[in-house]
Amino acid sequence: MIRKPVDVGDPDRLYMVTDGRSEADDTFDLVTLIVSECEPTAGLQSEHVRILELCRHPTALVEIAAELKLPITVVRILLGDLHDMGKVSARHPRAAESVAGLPETTLLQEVLDGLRHL
Amino acid sequence: MDSATSELPLQRTPLADAAETGLKIIVVGGFGVGKTTLVRSVSEIRPLNTEEVMTQAGEGIDETAGVERKTTTTVAFDFGRISLSEQMVLYLFGAPGQERFWFLWDRLFSGTLGAVVLVDTRRMADSWYAIDRLEHHKTPFVVAVNRFDGDESRFTLDEIRQALALGEHVPMIDCDARVRGSVKEVLIALVDHLYTLALAQERTP
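Protein chains in written order, with the working numbering: chain A, 1 to 118; chain B, 1 to 205.
Certain hints may be false.
Taking beta-carbon pairs under 8 Å as the criterion, some of the chain B residues facing chain A (in silico) [as the list claims (entries may be wrong)]:
#1 P14
#2 T21
#3 F79
#4 S85
#5 Y91
#6 V179
#7 S182
These are computed hints drawn from the structure, not numbers from a lab. Predicted, not measured: the structure shown is a model, and the values here were computed from it. Idealized CB from N, CA, C, for every residue including glycine.
Chain B extracted, bound-state conformation (with noise of 0.2 Å):
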């Protein structure tokens, strides 16, 4: 729906000199749930597309050769900036949530603060497997329902937090990906449960 990014030439934005802080968060979820929305919706640029060539090890060996199969993969994924003060720009990584991405997660989790799942209520098995793979690096993260027209269903937060099993640690919030206050209001809730988690981490001796 909205994944065509750099056909035009691009005018680029170069950051402040002083930039020297780089942070990234990363969007997970199912596809077409409004991940690049998000991200456009916030971004100080438009979002940009890259790619990454993983080389696997293949599932189990061939034993005939005694030689592990190899197979290569391209990943594409969006990203857009924000620059959150002239040393520090955040980067937002919009990642796909299908199982066959996790080789890319594990790369993009690396070092990030958090990460946002987006969640559609008409498609909420989607978003079983991110939450999953999430949990198990232990990178934390907030629920963000994308209500948008149309979603008739209207499910509240908890019967959502019910059917995907989140705990109740997990901070769950509505929004609509289009609109930047409203994405903003998701990004605020994410730093804010991570210095929550923070902060009771330093006083603990």
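Okay, chain A solo, but in the shape it has when bound (with noise of 0.2 Å):
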């Protein structure tokens, strides 16, 4: 499915969210797990508050983005402000970065062992 850019906010709401800001740094993967480690103080956006709430446990960005219907750069963009203000830590994936680099055969081996459990 293929939702038009004005079922989630027209472009100028989301220029409005990222204080104009478009680009985001890929330090955060769609799977880096965000973590609060603090609860929201008064005078936040209320992105960034509903971010804290949502990462009380581990969140992946991904996750973050369908349940606040953002798109991704700009979840990318206001973990990155929380990031900076120290209110988020990030839990980055272990696996490769690229396949010259496959993940090591023990995390596979963990990965077989929790497919073969569930």
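Got two chains here, separate frames each, mind docking them using the hints?
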């Protein structure tokens, strides 16, 4: 299903959410797990508050995007803000960056064990 | 057929607090082949839908203005989640297989463990581009043939291997994307394949 941008908020609104920024760095992978380091405080913008509430338990970037109904890029920018403020920590994936470096067999064995026990 | 995912309020199921490692597997295939069905069959959450807004450089240069044109495209994709242990959580992404989504793939593939190519024998041509792209990226993959009621043609896996020009090294498996146990076997086949590749690499000095 391809939704039109209007379904998630018009571009102007997204621009507001990110305070005019449209470039996000790729520090946060889709499956980087985000954890709040504090409770929301007065004065934070509502999206930041929502993220801090969601991430009381570890939550992947992609789940945050789905919950907030915001594009991945926008969520990356918001997470960058919170990370810079020390309000969230990030647990980055261990998997190899490229296939030239396949994941270690120990990691893959853990994945296999997990799948077999489903 | 099965793409509507997040209309109702979601009952969130949080991960364990010890969760520290997120992993990715991509499921690719043509439109309507059953990617979302497959994800739903094994996911511990109802599949969620999210989107990426991609800004691409336009084809070629606008010579009169001397400015490269850019276009913005919004691509939605589904995903599901499987907690493998207290620490490890696997995310399954269903990605549209059409050529025009190549830029989304490049982003999704980064750091992925591997891919499942889901094939419908009535529309095998839909899988060519996906396979070509995976090979280009050197992303390990398995081919899962979605056998469902009405798959009358019943090509054998060997016939399908020939039709898709797949090398002998690519594992193939029959599956029913609606059945949890069957999808589990597909994922195990993929990770087994990865394990074999990784072991060979570790033994090569």
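To see whether the hints hold, each was checked on the structure:
no.	hint	verdict
1	P14	holds (3 Å)
2	T21	holds (5 Å)
3	F79	holds (6 Å)
4	S85	holds (5 Å)
5	Y91	holds (5 Å)
6	V179	violated (13 Å)
7	S182	violated (12 Å)
Comparing the model with each earlier hint shows violations of hints 6, 7; every other hint is respected.
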